[in-house]
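Hey, can you work out the whole structure from these sequences and the hints?
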Amino acid sequence: MTVLQQPDAGGATVWPMLGVPIFPEKGSAAMWFNTSSDSQPDYDTKHAACPVLLGQKWSKTRNIFFKYFALSIYNVDD
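With numbering that gives the first Met the number 0, letter number 23 in the sequence shown gets 22, and the count goes up by one each step, no holes.
Any given hint could turn out to be false.
[Unchecked claim] Here are the simulated DSS-like pairs of lysine-lysine, each with C-alpha atoms no more than 27 Å apart in a straight line:
| id | residue 1 | residue 2 |
| --- | --- | --- |
| 1 | Lys25 | Lys45 |
| 2 | Lys59 | Lys25 |
| 3 | Lys45 | Lys59 |
| 4 | Lys56 | Lys45 |
| 5 | Lys25 | Lys56 |
None of these hints come from the bench; they were simulated from the model. In this text, all values refer to a predicted model and were calculated from it rather than measured experimentally.
If you want it as structure tokens, here you go:
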């Protein structure tokens, strides 16, 4: 995640299970792994964006897959 524009107040990204917040600063970046080395989900890395209280927050994300990632496909007609 890269922060392109930081808000005047609020807008942190938090990892509740780890007790870790990151407060957005323009030009800063963060990277984390959502899976273990054997591709199992790491539920401790679930994260959320806190509301922006003043100003605007612009950020960009990039998902990087190190192994083949099979997406589950569901039939929506059933």
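Hints versus structure:
no. : hint          : result
1   : Lys25 - Lys45 : 23 Å, holds
2   : Lys59 - Lys25 : 12 Å, holds
3   : Lys45 - Lys59 : 17 Å, holds
4   : Lys56 - Lys45 : 20 Å, holds
5   : Lys25 - Lys56 : 9 Å, holds
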